[in-house]
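Chain Y: place on chain B using the hints.
As a plain string of letters, each chain reads:
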Amino acid sequence: MESDVLVVDDSAAIRKILQRVLRQTGMAIRNIYEAGDGQEALQLLHSQKISLVLTDINMPKMDGIQLLAAIKDVPEWHGIPVVMVTTEGGEAKVGEAVRLGAAGYVRKPFTADQIKEKLVGILPAAMSL
Amino acid sequence: MNLKEHLVGSLSQAVEDVFSTMLGASIVPGEVTFENGAPDAHDGVLSFIGLAGSWAGTGCVSCSPVLACRVCSQMLMTEATAVNEEVLDAVAELTNMIIGSVKNDLERELGPLGLSIPTVVFGKNFRTKSAGHAEWIVRRFHWDSDAFEVKICLAPSEHPAGLQPHGFGQANQMGV
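From first to last, the protein sequence lines are chains B and Y. To get our numbering, take the position in the first sequence, counting from 1, and add 10. To get our numbering, take the position in the second sequence, counting from 1, and add 10.
A few of these clues could be false.
[What the hints assert, rightly or not] From chain B, some residues computed to sit far from chain Y (all C-beta separations above 12 Å):
1) Arg-40
2) Asp-66
3) Lys-82
4) Arg-109
5) Lys-118
[Claimed, not checked] Lysine to aspartate or glutamate pairs mimicking EDC-like chemistry, simulated, CA-CA at most 16 Å apart:
6) B:Lys-103 x Y:Glu-117
7) Y:Lys-139 x Y:Glu-45
8) B:Lys-59 x B:Asp-14
9) B:Lys-59 x B:Glu-86
10) B:Lys-103 x Y:Asp-115
11) Y:Lys-134 x Y:Asp-53
12) B:Lys-26 x Y:Glu-96
13) B:Lys-82 x B:Glu-44
14) Y:Lys-14 x Y:Glu-117
15) B:Lys-26 x B:Glu-12
16) B:Lys-71 x B:Glu-50
17) B:Lys-103 x B:Glu-86
18) Y:Lys-134 x Y:Asp-50
19) B:Lys-26 x Y:Asp-53
20) B:Lys-26 x Y:Asp-115
FYI, nobody ran anything at the bench for these hints, they're computed from the structure. Model, not experiment: these values are computed from the prediction. Yeah, the Cβ is synthetic: ideal placement off N, Cα and C, and Gly gets one too.
With the rest of the complex left out, here is chain Y:
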C-alpha cells in the first residue's frame, strides 16, 4: 500500500470513529479528490492543525457555519445557533481528534510525529496558502444532508532531525 492510499483509509476511519464516538453520528464517506496549488476561496469554518517530524504537513476540516453549529450542539449537548467561541472550539477539538488519530496511525510507518495546537478561521471569501508543495488529499463526507471536507497534506521534512521515513517503500513525496 502506498502512502496516499494509506492516508485516505486512515482519514476515513478517523472521521467515522470520532463522529460515532463523540457525536453519536453516522457519516458517509464521499469522493476523494487531490488538490494542487492554491485552493478556491472559502466561506465558512476552516480548522487547521500541523504535523511535524520526519514527515511534516497539515490536516484541515472545512465545513459550513450550519454544520459547525451542529457539531457543537451534538458534541456538547447544547443548542448552538450561531458560530461563536464555543462552536469554534468544538470544531478545533474535532480536528484535533481526527488528525490526531491519523497521526497515531501514521506513526507506525513514519516514526514519531508531533501535533500542533489547532487554529480555526471563520469568515467569507478567504483564501489559504500552505508554504509546502505537497498535494492535498481531500475527502468529502456527508452527515445527513450536510457535507464537509477533511484534507491532509504530508511530505518528507527537509530537515528530518535524524529520523528516517520508513515503511512506504518508494513514496518520497505524496502524490508527486
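Chain B extracted, bound-state conformation:
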C-alpha cells in the first residue's frame, strides 16, 4: 500500500532535500506534499489523506510544535505519525514534542540513512524493502 507524505519546512531547500531522501528510502510513497508552515500543512491535511508528516519546529505563522498539537487534537488525524526534523535540540522543545505524541525526532544536519532508519520503525508496512 502506498503512502502520501507531507513535508513541512519554511526552507524550500530542506523540503527539496527531504523529497529526495524520501524517494531514496525505498518506501512505498505515492505523493509527497509540501508546506512552508503549520497553517499550510493543516490546509493540506484537510484536503489530502496523509499517512506521515515530517515537520520542522521553528517556522513562521505556526511552528512545528503547534502543528503537532493541532494534528493530535483532531480524532481523524490522531494516528498520523509526526516526525520532527529540526535544528532545535533544546530539552524543553524535544520534551514538549514527545509529550504531544511525536513519533520521532531527527536533528539537522541529517543523513539520508538517519531519516530512513527513523521511518523504517514508524511505517514498516509502507516499506518496499
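Below, chain Y without anything else, positioned relative to chain B:
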C-alpha cells in the same frame, strides 16, 4: 574553558558537521579574529540568525556569490550559476543548521536559548550594524580555493526573563 574558547570550538565543530553531512564536503578551519565596532563594507551574501534567552546575540555566515551558488548546487544536487531565491534559501538553511548546532551546544552551559528565522542579504558595498555591544568572534573557513566566514556575538541579556547564565565562571560579557 571560557565562553570565547568554547564558542570558537563549537562553531568549528558545527561548520565541519554541517558541511560534511549536508554537502559531503570537507572544509578547513582558518584563522580566528575578533571584531569590535562597525565591520567593513560587505560584498556578497550575508545570512543572519538571532539567538535569545538569558544570553542573546547573532550568528552570521558571510560568503561570496560563487560560494553561495556552490553551497546550493551541492546541497540540492542542482546547478546554480547565479544568486537566486533558491541559493539564498540554501545559505539561510546552512546558517540555521550551523548556528542551531552551536545553540544546542551552548544550552548545556547557558540554559535555554531561542533561535530566530534567518534573514539573508545579497548585494554590494553594504554595511551592517548590530545594536548590541558584544565582540564578534569571526572564524574563517576554506572550502578548496573558496573561503567564507562564520561570525557570532553573544552577551548576557539585559532582561534575562528569570534565567541565570551558568557554567562559564567569570564570563560576564564575551571578550570584554
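Going down the list of hints, with the structure as the test:
1. Arg-40: holds, 23 Å
2. Asp-66: For Asp-66 (chain B), whose nearest Cβ neighbour in chain Y is about 9 Å away, the distance does not exceed 12 Å, so it is violated.
3. Lys-82: Given a closest Cβ separation of 23 Å, the condition holds.
4. Arg-109: Check passes; 16 Å lies beyond 12 Å.
5. Lys-118: Non-interface label on Lys-118 (chain B) violated, nearest chain Y Cβ at 5 Å vs cutoff 12 Å.
6. B:Lys-103 x Y:Glu-117: Between Lys-103 (chain B) and Glu-117 (chain Y) the Cα gap is close to 12 Å, so the pair holds against 16 Å.
7. Y:Lys-139 x Y:Glu-45: Measuring from Cα to Cα gives roughly 12 Å; hence the hint holds.
8. B:Lys-59 x B:Asp-14: holds, 7 Å
9. B:Lys-59 x B:Glu-86: holds, 10 Å
10. B:Lys-103 x Y:Asp-115: It holds: about 15 Å lies between the C-alpha atoms, which stays within 16 Å.
11. Y:Lys-134 x Y:Asp-53: holds, 4 Å
12. B:Lys-26 x Y:Glu-96: Satisfied, since the Cα-Cα distance of roughly 10 Å is no more than 16 Å.
13. B:Lys-82 x B:Glu-44: violated, 19 Å
14. Y:Lys-14 x Y:Glu-117: Distance of about 15 Å is within 16 Å: holds.
15. B:Lys-26 x B:Glu-12: Judged against 16 Å, a Cα distance of about 20 Å means the pair is violated.
16. B:Lys-71 x B:Glu-50: holds, 9 Å
17. B:Lys-103 x B:Glu-86: violated, 25 Å
18. Y:Lys-134 x Y:Asp-50: holds, 12 Å
19. B:Lys-26 x Y:Asp-53: Judged against 16 Å, a Cα distance of about 28 Å means the pair is violated.
20. B:Lys-26 x Y:Asp-115: Cα-Cα ~27 Å, so violated.
Violated hints, in rising order: 2, 5, 13, 15, 17, 19, 20; the structure is consistent with all others.
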